[in-house]
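*Asks:* With this note's numbering, the residue at position 259 of the sequence shown is 259, and numbering never jumps.
No lab work stands behind these hints: they were computed from the structure.
There may be inaccurate statements among the hints.
Stated by the list, open to error - Taking CB as the label site, the calculated pair distances span:
| hint | residue 1 | residue 2 | range |
| --- | --- | --- | --- |
| 1 | Pro201 | Asn42 | 37 to 45 angstroms |
| 2 | Ala211 | Pro31 | 32 to 40 angstroms |
| 3 | Ala211 | Ile48 | 22 to 30 angstroms |
| 4 | Cys151 | Gly22 | 18 to 26 angstroms |
| 5 | Ser152 | Tyr203 | 56 to 64 angstroms |
| 6 | Gln180 | Leu87 | 45 to 53 angstroms |
What the hints assert, rightly or not - Think about it this way: if two alpha-carbon atoms lie no more than 25 angstroms apart in a straight line, the pair counts; the simulated BS3-like pairs of lysine-lysine are:
| hint | residue 1 | residue 2 |
| --- | --- | --- |
| 7 | Lys169 | Lys90 |
| 8 | Lys342 | Lys371 |
| 9 | Lys353 | Lys384 |
| 10 | Lys384 | Lys169 |
| 11 | Lys384 | Lys342 |
| 12 | Lys239 | Lys384 |
| 13 | Lys90 | Lys240 |
| 14 | Lys353 | Lys342 |
| 15 | Lys342 | Lys377 |
| 16 | Lys169 | Lys155 |
| 17 | Lys155 | Lys90 |
| 18 | Lys239 | Lys342 |
| 19 | Lys371 | Lys353 |
In this text, all values refer to a predicted model and were calculated from it rather than measured experimentally.
Backbone N, C-alpha and C fix where the C-beta goes; we use that ideal spot for every residue, glycine too.
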Amino acid sequence: MMNKINHLTILFFSLLVQVTLGQNAPVTMVPEVTCGIGEQINIPVTVIDFINIGALSLTLNFDEAVLDYQSFSNNSNFPGLLIFEQLPGKIVVSGLNPYGNPGITLDDNAVLFTLNFYCLGGATSLWWNDLGGTCEYADDQYNPLNDSPTCSFYKNGSVNYITINLAVKAYLEGPFTGGQMSSQLNDLNIIPTSQPYASAPWYFGCPSGVAGIPASAVDWILVELRCSPEGPAFATSDKKVAENLGFIMTDGTIRQTDGLHNLQFSVPTIDDLYIVIYHRNHVSVMASVSLSVISGVGAYDFSNDEFSVWGGNSAHVQLSPGFWGMAAGDSNGDGYINSSDKNDMIDLTIGLKGYLQTDFNFDSQVNNMDKNDFWAKNLGFYSKVP
């Protein structure tokens, strides 16, 4: 029945194409919104210049793998408004004010109707499918209104992942001294502007680099979020939902590449998220408890005690009383401090200077201090990240 009504509405518009188009159609808009897996989401359709309208026909497309249509609300009480999902991912709207009744006028930015969806997870565009009668308005005399060009009258939107702002603090054992970390590599202009995590074993492809290294930056750092409702023991690599890189600063805070702002992540949910931190020559760590996100902001401190990481004191090292950090010595980034870090890495670079995987204390040189004070001390240490 609804298909028939909508087809009649479209046919009605097509029979009137010979009428001279004078008045412009309203501007019809859907917003950009965020949504997490399993959430109900209401998407308002708003209008501008909605003046003396007698009939309407609209078609809105979306990705059915991301959204499941549930219902609608006729916020404006437009007469005869019918909304249904004609095909998966295709919402069809029609409305007809009885002839002779005054046309409908709404305030600018009024909500014409609201669509209710169930979020399956992911991101999708919300786009108007204007093929003539599929998106059309008419005045109170049923004269079709001008809506060309389409982009001026039908404004698309989107549904995106939730964005969270993440305040993280951690320390690296190698450059740690006196309650903070040294910025010596930065002071010597040795830190590269291109990030070091593009290759194995991290394979982080973007962004490629920055114009300059921020003041107080210690080194590049890679942060990952994993979603595991079953708990940290099951937060394996296939549970990764987001990752980002930035700089770890002398005070342990992890910042965006501008050195000023916290890292941001787009995630499908804010529940059951576990933070994983990778560094190019320190053993990776994972948070022992899930992240608490309030009003889009989450915070976690890896440095304050042995229980802040999954695996406890077997997963990170005490740097000084009250300070815990990531263990130095994993020169090949495989999560283990073993003989391959010495035989394949340290022995081949001893005596060299620069930005090197085997420079564990970040003094720009590879020497016996790196081997004895870090690799030998931590030999046998390995990552407890599942």
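*Asks:* Next, verify each hint and record whether it holds.
*Replies:* Each hint tested on the structure:
Taken as a hint, the range 37 to 45 angstroms holds for the pair Pro201 and Asn42, whose Cβ atoms sit roughly 43 angstroms apart. Distance hint for Ala211 and Pro31: a CB-CB separation of about 34 angstroms, consistent with the stated range 32 to 40 angstroms. The hinted window of 22 to 30 angstroms between Ala211 and Ile48 is violated, with their beta carbons roughly 40 angstroms apart. Between Cys151 and Gly22 the beta carbons are some 21 angstroms apart, a value that agrees with the proposed interval 18 to 26 angstroms.
Range check, Ser152 to Tyr203: Cβ separation about 43 angstroms, and the 56 to 64 angstroms hint is violated. Taking the beta carbon of each, Gln180 and Leu87 are about 60 angstroms apart, not inside 45 to 53 angstroms as hinted. Taken as a hint, the Lys169 and Lys90 pair is broken in the structure, with Cα atoms around 45 angstroms apart against an allowance of 25 angstroms. At roughly 8 angstroms between alpha-carbon atoms, Lys342 and Lys371 fall within 25 angstroms of each other, so this suggested pair holds.
A C-alpha spacing of about 31 angstroms is found between Lys353 and Lys384, which places the hinted pair above 25 angstroms, so the restraint is violated. With a C-alpha separation of about 19 angstroms, the suggested pair Lys384 and Lys169 falls inside the 25 angstroms cut-off, and the hint holds. Distance hint between Lys384 and Lys342 is fulfilled; the C-alpha atoms sit about 21 angstroms from each other, no more than 25 angstroms. Between the alpha carbons of Lys239 and Lys384 the distance comes to roughly 16 angstroms, so the proposed pair stays at or under 25 angstroms and holds.
Between the alpha carbons of Lys90 and Lys240 the distance comes to roughly 31 angstroms, so the proposed pair goes past 25 angstroms and is violated. At most 25 angstroms may separate the alpha-carbon atoms for a hinted pair to count; Lys353 and Lys342 meet this at roughly 17 angstroms. Distance check on the hinted pair: Lys342 and Lys377 sit about 12 angstroms apart at the alpha-carbon level, within 25 angstroms; holds. With a C-alpha separation of about 41 angstroms, the suggested pair Lys169 and Lys155 falls outside the 25 angstroms cut-off, and the hint is violated.
The straight-line distance between the Cα atoms of Lys155 and Lys90 is roughly 16 angstroms, inside the 25 angstroms bound, and the hint therefore holds. Of the pairs offered as hints, the one joining Lys239 and Lys342 is violated, with about 32 angstroms between alpha carbons and a cut-off of 25 angstroms exceeded. Distance check on the hinted pair: Lys371 and Lys353 sit about 15 angstroms apart at the alpha-carbon level, within 25 angstroms; holds.
Comparing the model with each numbered hint stated earlier shows that hints 3, 5, 6, 7, 9, 13, 16, 18 do not hold.
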